[in-house]
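Colleague: Now for the letters of each chain:
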Amino acid sequence: MNREPFPNEATDFSRQMAECREWVVRVAIRLMNGDRAIAEDIAQEVFLRVWNGTDRYQEQGNLRAYLMTITCRLCTDYRRRNHWVTSLEDCHDLTASRHNTTAVAEANEVSQQVQKAIAELSEEQRTVFILSHYEGLRYHEIAEILGCPLGTVASRKYMAVQNLRDKLRPYLQAEENV
Amino acid sequence: MNECDLLQMQLIAGADGELPEDAASRLTAHLAECAECRMVQKEMARLGTLADTWLVDISPLPADSQKELPSPTLSLLYDELRGMRLEISELRKEIAALRQQETFRTTSSRTHSMSLLPYAPPVELDLLGGR
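Just so you know, the sequences run in chain order A and B. 392 is the number of the first residue of the first sequence in this note's numbering; add one for each residue after it. 404 is the number of the first residue of the second sequence in this note's numbering; add one for each residue after it.
The reader is advised that the hints may include incorrect statements.
In silico EDC-like cross-links for lysine to aspartate or glutamate, where the CA-CA straight-line distance does not exceed 16 Å [claimed, not checked]:
| no. | chain 1 | residue 1 | chain 2 | residue 2 |
| --- | --- | --- | --- | --- |
| 1 | A | Lys507 | A | Asp468 |
| 2 | B | Lys445 | A | Asp557 |
| 3 | A | Lys558 | B | Glu436 |
| 4 | A | Lys507 | B | Asp455 |
Because the hints were derived from the structure by calculation, they are not lab data.
Only chain A is shown next, with the shape it has when bound in the complex (with noise of 0.2 Å):
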């Protein structure tokens, strides 16, 4: 069952991983309301699948879109099997250890509340916008890895912007008189 390294692919096809795994870190942590430790043991997951073969990857596919793909199914697996609900305690605070400063507990103040309203929206919503937003992904990536028409990525990025709009109004108004 497990796959056998092609003779010149293994540097190639490590590499390329190694190069991957920051960026798949990354995205498993926004997808899982900033929870390092799960994100960690996820992408673990993903690298597992991808060197045991459980998830074939076509050689002349997208990387990048693969592991997204794995990447994005087990943070939703992950989701349902422990019924993840959100609340703010849930939201872990990457920032507070390190600066105790007032003005940067005010802008902790302001992320926690960007990541609690992003962690309230719908799974599809959140998914789009986390990566829209935070990974520059174009859409037709985003159809590609969640496997559905380019019209849905955009209205359902429209409809995450919308939600965030109205749950981050008092902010968005605090900014505009500054």
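Could you slot chain B onto chain A? The hints should help.
Modeller: What follows is chain B alone, placed relative to chain A:
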């Protein structure tokens, strides 16, 4: 739905550079004239800036920080194990059915020539412990 509503729906795709050329020019022309849509556009841009405050740190983790958290890898392994158990159970059923068929076939052929044998047929060895 008026023109503003329609074009505001395209603002996001436009900001992402995903609109076809003609739709993008129509949006630009409309924004030049409509103060309300320009305001919405600015709000979308502010939302983008606000979203960027969520930074993700991927510097190496302390070695013991993952130990207390549930592991999805472990859950997946459990799932796999459960699947394997089901497969084994199915295989056992198949083996039992095959053994039954084989016993029936052997018994029938032996019964046919039983009158020629001076002793009873030997009991079949139970290699699978009755499973």
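Colleague: Confirm or reject each hint.
Modeller: Here is what the structure says about each hint:
1. At most 16 Å may separate the alpha-carbon atoms for a hinted pair to count; Lys507(A) and Asp468(A) exceed this at roughly 20 Å.
2. Pair hint Lys445(B) plus Asp557(A) holds up; C-alpha atoms about 15 Å apart against a cutoff of 16 Å.
3. At most 16 Å may separate the alpha-carbon atoms for a hinted pair to count; Lys558(A) and Glu436(B) exceed this at roughly 29 Å.
4. Of the pairs offered as hints, the one joining Lys507(A) and Asp455(B) holds, with about 14 Å between alpha carbons and a cut-off of 16 Å not exceeded.
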